[in-house]
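K.L.:
Sequence:
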Amino acid sequence: MRRISGFLSFLVVAGGLVIGPSDVAAQERAAIEGFGGLSLNNALQSTSLAPSLGGTVTYSLVPNIQLVGEAGRLSNVLPTLSGTVFSVTGSGVSASAFYGEGGARLLLAPDSAFTPYAEATAGIARLDIRSDRLSPVANAATSIALGYVGRTTPTLGAGGGFVVQAGPILFDVGYRYKQLFANDVMRFALGFGQQLHTHQVRVGLGVRF
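Per the numbering used here, the sequence shown starts with residue 1, numbered consecutively.
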């Protein structure tokens with residue numbers, strides 16, 4: 001009986017050592033998410049209806065603060081004024097961007113299945129300028145020329161939304177504002193003096209691990 005009692009005590013202690021760290025690890029879960037969004041910049045432009053796609057990785061530093069890494073494509077970064085002019089004149093000019101950002105996210109109710117949040121990010125983007133009035137060769141030549149002008153630009157992002165969690169699955173609905181700090185040539189040629197930016201609504205689906 002002493003041996004059995006000792007063996008059971010050993011199992012309890014060993015189980016505590018195994019389960020305890022697992023519970024701690026479960027409180028600091030990471031998550032990976034894919035998302036799609038629509039631009040709200042200019043309803044006249046067909047690119048406003050084109051989806052912006054991307055992915056997000058988060059890691060919890062403490063229960064209500066997460067590190068955020070994000071990469072994707074912004075389908076429309078033209079300000080409303082220049083976007084409207086390009087649409088009305090029939091030039092077919094569009095400006096999209098591939099980007100990568102990192103930042104932080106504040107969870108307002110980290111222990112709840114319904115979690116509002118706010119976040120801020122910064123990173124870098126690469127512009128892609130095209131026109132459906134030009135041939136593929138002309139668009140390629142334009143892209144090469146823009147490479148000499150400067151297509152890479154710093155970015156800042158901010159936004160918020162809410163996450164609904166069901167076990168390891170999460171559903172994310174939110175809004176993002178992204179501003180691209182393009183050089184003067186790009187800003188005046190494409191934004192008519194305004195910075196390139198996008199207002200975006202988006203939804204995402206992910207998994208926690």
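One or more hints might be untrue.
FRET-style restraints, in silico, Cβ to Cβ [stated by the list, open to error]: (1) Phe188 to Ala166: 46 to 54 angstroms; (2) Ser131 to Ala30: 25 to 33 angstroms; (3) Ile32 to Arg126: 20 to 28 angstroms; (4) Gly92 to Phe114: 36 to 44 angstroms; (5) Ile32 to Gly90: 13 to 21 angstroms.
Since the hints were made in silico from the structure, they are not lab data. Note that CB positions come from ideal geometry on N, CA and C, so glycine has one too.
K.L.:
Against each hint, give a clear statement of whether it holds in the structure.
P.N.:
Hint by hint, here is what the structure shows:
Remark: the range hint 46 to 54 angstroms for Phe188 to Ala166 is upheld by a beta-carbon distance near 48 angstroms. Take Ser131 and Ala30: their Cβ atoms lie about 41 angstroms apart, and the range 25 to 33 angstroms is violated. Our hint of 20 to 28 angstroms for Ile32 and Arg126 holds, since their Cβ atoms are close to 23 angstroms apart. Checked against the given bound of 36 to 44 angstroms, the beta carbons of Gly92 and Phe114, roughly 43 angstroms apart, stay inside it.
Here the CB-CB span from Ile32 to Gly90 is close to 42 angstroms, at odds with the stated 13 to 21 angstroms.
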